[in-house]
Structure formats: C-alpha cells, structure tokens
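Asker: Read off the chains here:
There are 2 protein chains.
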Amino acid sequence: MLYFVGLGLGDAKDITVKGLEIIRQCSRVYLEAYTSILTVGKEALEEYYGRELILADRDMVEQQADEILKGADSSTTHSDLVLRALNAGIQYRVIHNASIMNAVGCCGLQLYNFGETVSIVFWTDTWRPESFYDKIKKNRDMGLHTLCLLDIKVKEQSMENLMRGRKIYEPPRYMTVSQAAEQLLEIVHNRRERGEELAMTEDTVCVGLARVGAEDQSICSGTLQKLASCDLGAPLHSLIISGHLHPLEVDMLKLFSGAEGLKTLKMTDSSTYVS
Amino acid sequence: MLYFVGLGLGDAKDITVKGLEIIRQCSRVYLEAYTSILTVGKEALEEYYGRELILADRDMVEQQADEILKGADSSTTHSDLVLRALNAGIQYRVIHNASIMNAVGCCGLQLYNFGETVSIVFWTDTWRPESFYDKIKKNRDMGLHTLCLLDIKVKEQSMENLMRGRKIYEPPRYMTVSQAAEQLLEIVHNRRERGEELAMTEDTVCVGLARVGAEDQSICSGTLQKLASCDLGAPLHSLIISGHLHPLEVDMLKLFSGAEGLKTLKMTDSSTYVS
Numbered sequence: 001m002l003y004f005v006g007l008g009l010g011d012a013k014d015i016t017v018k019g020l021e022i023i024r025q026c027s028r029v030y031l032e033a034y035t036s037i038l039t040v041g042k043e044a045l046e047e048y049y050g051r052e053l054i055l056a057d058r059d060m061v062e063q064q065a066d067e068i069l070k071g072a073d074s075s076t077t078h079s080d081l082v083l084r085a086l087n088a089g090i091q092y093r094v095i096h097n098a099s100i101m102n103a104v105g106c107c108g109l110q111l112y113n114f115g116e117t118v119s120i121v122f123w124t125d126t127w128r129p130e131s132f133y134d135k136i137k138k139n140r141d142m143g144l145h146t147l148c149l150l151d152i153k154v155k156e157q158s159m160e161n162l163m164r165g166r167k168i169y170e171p172p173r174y175m176t177v178s179q180a181a182e183q184l185l186e187i188v189h190n191r192r193e194r195g196e197e198l199a200m201t202e203d204t205v206c207v208g209l210a211r212v213g214a215e216d217q218s219i220c221s222g223t224l225q226k227l228a229s230c231d232l233g234a235p236l237h238s239l240i241i242s243g244h245l246h247p248l249e250v251d252m253l254k255l256f257s258g259a260e261g262l263k264t265l266k267m268t269d270s271s272t273y274v275s
Numbered sequence: 001m002l003y004f005v006g007l008g009l010g011d012a013k014d015i016t017v018k019g020l021e022i023i024r025q026c027s028r029v030y031l032e033a034y035t036s037i038l039t040v041g042k043e044a045l046e047e048y049y050g051r052e053l054i055l056a057d058r059d060m061v062e063q064q065a066d067e068i069l070k071g072a073d074s075s076t077t078h079s080d081l082v083l084r085a086l087n088a089g090i091q092y093r094v095i096h097n098a099s100i101m102n103a104v105g106c107c108g109l110q111l112y113n114f115g116e117t118v119s120i121v122f123w124t125d126t127w128r129p130e131s132f133y134d135k136i137k138k139n140r141d142m143g144l145h146t147l148c149l150l151d152i153k154v155k156e157q158s159m160e161n162l163m164r165g166r167k168i169y170e171p172p173r174y175m176t177v178s179q180a181a182e183q184l185l186e187i188v189h190n191r192r193e194r195g196e197e198l199a200m201t202e203d204t205v206c207v208g209l210a211r212v213g214a215e216d217q218s219i220c221s222g223t224l225q226k227l228a229s230c231d232l233g234a235p236l237h238s239l240i241i242s243g244h245l246h247p248l249e250v251d252m253l254k255l256f257s258g259a260e261g262l263k264t265l266k267m268t269d270s271s272t273y274v275s
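If you're matching them up, the sequences are chains A and X in order.
Each residue of the first sequence is one higher than the one before, starting from 1 at the first, in full-length UniProt numbering.
Each residue of the second sequence is one higher than the one before, starting from 1 at the first, in full-length UniProt numbering.
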C-alpha cells in the first residue's frame, strides 16, 4: 500500500492522528521536500514521528519513482506516483490535511470568492514572464480574489555548475511577499506606460501571509505599495490580490492592517468594497 | 482563548494531533454541525476525543454567539465569531485541517486549475435560480474547473410550521451528485431552447465525489448525462465541472470512469483535452 500523508502546515503536531499512526506502521517513509518547506526540519519530524525519514526532493521523485514504489510507502503528492503505483498493482490512499490552498482562509477572505490560483516566479535579467498578471486581471474583472503562490528555488544549480555537470547547488531561495509585490508593481508600471487598462494599481488591497498555521504566523493587509516594503520574516510567503470585498471580509482584513491600511477601499454598494 | 479546530473529513482520527490536544484541554467544546455532516456522529467523536461536545447548529451560532464566547472555546468556523471574540478581548487561534476545498484534489484535477467555487441549491416549484450556471460558464470560458458545493438542508421548518411558530423540523436533506446533474441538465436544455451559446452540454466531463476522505469514499467521472443517473451513496456529495484537462488529469480521471466514461473528450493540442 502506498500512502500519501498530508503533514499540515505548522509543526510536527499538525499531522492527523490517522496519518501519524500510518507513518509509524509503514516500512519506509519518504518526506516530500520540494513543493514546500519544512518549518520544523526533518530531525524534529523524525523525533516526533519516531521514524527515520528519507528526504525526497524533486530529483528523487522524478527520477527514482520506481524505487519509492518498491515497498511501497511515500509522503509525496503526485498524480504521477499514483498512476505508476496502480500500474504496478499497488493500491494507494490519501490522508488529507490542510494546505495553503484552504488555510489562507484564516485571513478572513472567503475561499469560494477566489478565482484561479497563480504562481509568481522569480524574474531573471532575461526572463520576466507576466502571465500571472493576466490571470489576476481575469479574476479581478469577475470580482474574485487571487491566491499567488510564490516561487521556491531549492537544489538549483548555477548555469556554470550545470554546464560542467557539477552537482553543486545554490542556497535555497524563497520569494517573499515584498519581492512578489515589487514584480507586480513593475508590471503595473509597464502596462500603464503602454496605456493599457489596468487590472490593479499601487492602491489595490492585498494580503501578505507568512508561515500560515505556524506559531509565528504573520499576516499583513494593505495596498500593494505597502506590501512591497513589508517584512514578514522567514518563508513560506503567499500573497493575495483582493477582488470585491464583503463588509465582513473588510472587518477581518482590518485585523491585519494598520489604521491607514485599507483607506483605498471604496464602497460600491452596501455589500461590496473595491480597491 | 477561542480555538477553531478543523476536524478533517473522514472519521474521528482525521483530527490533527494538535487539535486533539487542544480539545482535551479546553473547558467547553462546541461541535459545528451545519456547514457539513458528521460522518461518524457526535457520539463517536465524543468517545474518541474523550470530551462532551455541545452541538452548535446555525441557530446557536447565529443567535447565541455570546454564550459560545463565555469561556471561550469553539469548534465552529466564522469570521463573525472571530470578530466578536476579539471585540470582547478574547484571543483566538485556528487549527487547520483538510476541507472539501482542497481534498477534492484527490480526484486528480489540479487545484490551481479551479475557478470560482459555486453552490448549487435545491430548486423548489417556484424558486429555480440559475446563477451558478453563469459562474460555471465563466470558469469554462477560461478553461478552469468548477467545484460545485451541493445544498444541505438541516433543521428546516416547513412553511406551515414556520408560520405557526412550531419548532418542528423536516428531516435533513443533502443534495446528491445525481440531483445536481439533473438541475444542470435542465438549465442546459432551457438555454439551448433559447438559442444561447452553451457553457456546457450533456457531454461535458464531470466528476462526482462522495464522502471524500472517508473509508467508503466514492468518485465517479463521466459525462454530465452519465452522472445524472449515478448513485454515489450517502452524503456529502460534491460535483466538479471540468475545464481544460491536462493529459495527466485525464489519466487520473480514467481511474474513476468506466471504459466509455471519457469518450467525449477531444484533444485540442498535445497538452489539452476539452469536452
């Protein structure tokens, strides 16, 4: 049997009782470590679970999937693994847990008012994709919020090391809310220069979230301009671009903004605010 | 301190270790019982948690919020309660867990390819709203999947009992995938009659899900027409209307369809299927 066990977002105790029992009974346990970050670290999890964990990074999951399936146990989350497992006659089961996709609801924005989720990637000097902005525009046009998942660079090789075939990796990088906001501000600036109708401006109300579910979770709401200069501390960070806001959502966001944070909001009718 | 503890979707052991510890330490524990259904029942939860639970239905949460806050502990999930608590000087904390909003990913459709979530309500003879169809249309136009949350009627009074002030409640009703599909088929039929451009047809590939996360979870994929006659058993049910499908998503959906289930899918390019 191949189990996919969600670990939760905060610390070791965010695993479900069912998930913990399964981990303790399995013959081999892999720890998926490339779509997220281990806030508490592998050692802390090993101690709490009472089990040795095999770190499964992207290389391993993509290239050594068959090895993971020999057995078969896993803590990673891939349709590909499911299909390979079933193909090999191995049954699977998912033990669900919180993910950033539903835990962002803690900021007070209603989950069913979110549109398509977007990913914001680190720009380089030569690669500055803007496709996420166009998706945000579509969501905003429909009054919907946009959850932006921010880029994670783990086990990346420099171009030089890659070309020389040296398995030397750069330090991991996690995009901050501030960095994401800076990139968005630049896109807004560029589009304004080109005379385009804007999806959002410096004044659009956004929400920055860091370490959701952890003891030191940090949430900040305010204009995009404000979030570009906020420091929410260690990763992981996520950013939400608001759509239309219900008064109850506004009241919740006020908990995470300074006195001036939401002053760009305008009421369009008794149940709707926009920015 | 007011805690909001997610209970998970399957059985009593789907609570997180952290959540269980908190429930066992709190002076009063409420069980929110109107946005979902207790697959295992209050008694089973009480036995597993080792605590007496106070059933909090909609009436109680809306009308007796202050009573809940006297203390203050809770297992419900409302911005309103958060705001009341903070207003009364009571701190709060959220213990996250899986919800249908992220657990639907178990069918193999990618969560970031979902658009706005819609609710499908029970039609009556005189009230047949179609607004959810228009939202599905917007999502489909952008190639996005739509999660449809299906209506729950709990503690509803008949019109007669309501008018006579009698607190007699109808048996609870939970919309099935089949019922939701029937309503959608009727809307498609009506719109076709009116000559409208259709958002979806009888042939659109959908996914029906029942009791997600529970031992007897049931998933069925196929055309809307097929889902209208499927029986997924006991509640809760959810329905997904697919948008554009990635080949890996199609491979996953094949796990939940019969041999003929996905024959209406057409490949538009090497990475996209539509129906």
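Derived from the structure by calculation, the hints contain no laboratory data.
Heads up, some of the hints might be wrong.
To spell it out: a stretch of chain A is covered by chain X in this simulated footprint if at least three of its residues, at any positions, have a beta carbon under 8 Å from a beta carbon of chain X; those stretches are [as the list claims (entries may be wrong)]:
no., region
1, 167-178
2, 223-236
In the BS3-like style, the derived pairs of lysine-lysine whose C-alpha atoms are separated by at most 25 Å in a straight line are [to be verified]:
no., chain 1, residue 1, chain 2, residue 2
3, A, Lys137, X, Lys138
4, X, Lys135, A, Lys138
5, A, Lys13, X, Lys153
6, X, Lys138, A, Lys138
7, A, Lys42, X, Lys13
8, X, Lys135, A, Lys137
9, A, Lys135, X, Lys153
10, X, Lys13, A, Lys137
11, X, Lys153, X, Lys42
12, A, Lys138, X, Lys137
13, A, Lys135, X, Lys137
14, A, Lys167, A, Lys155
15, X, Lys138, A, Lys13
16, X, Lys138, A, Lys135
Glycine included, every Cβ here is placed at the ideal spot set by N, Cα and C.
Asker: State for each hint whether it applies.
Answerer: How the hints compare with the structure:
no. : hint                : in the structure
1   : 167-178             : violated (count 0)
2   : 223-236             : violated (count 0)
3   : Lys137/A x Lys138/X : holds, 14 Å
4   : Lys135/X x Lys138/A : holds, 13 Å
5   : Lys13/A x Lys153/X  : violated, 35 Å
6   : Lys138/X x Lys138/A : holds, 10 Å
7   : Lys42/A x Lys13/X   : holds, 24 Å
8   : Lys135/X x Lys137/A : holds, 17 Å
9   : Lys135/A x Lys153/X : violated, 35 Å
10  : Lys13/X x Lys137/A  : violated, 41 Å
11  : Lys153/X x Lys42/X  : holds, 18 Å
12  : Lys138/A x Lys137/X : holds, 14 Å
13  : Lys135/A x Lys137/X : holds, 17 Å
14  : Lys167/A x Lys155/A : holds, 9 Å
15  : Lys138/X x Lys13/A  : violated, 40 Å
16  : Lys138/X x Lys135/A : holds, 13 Å
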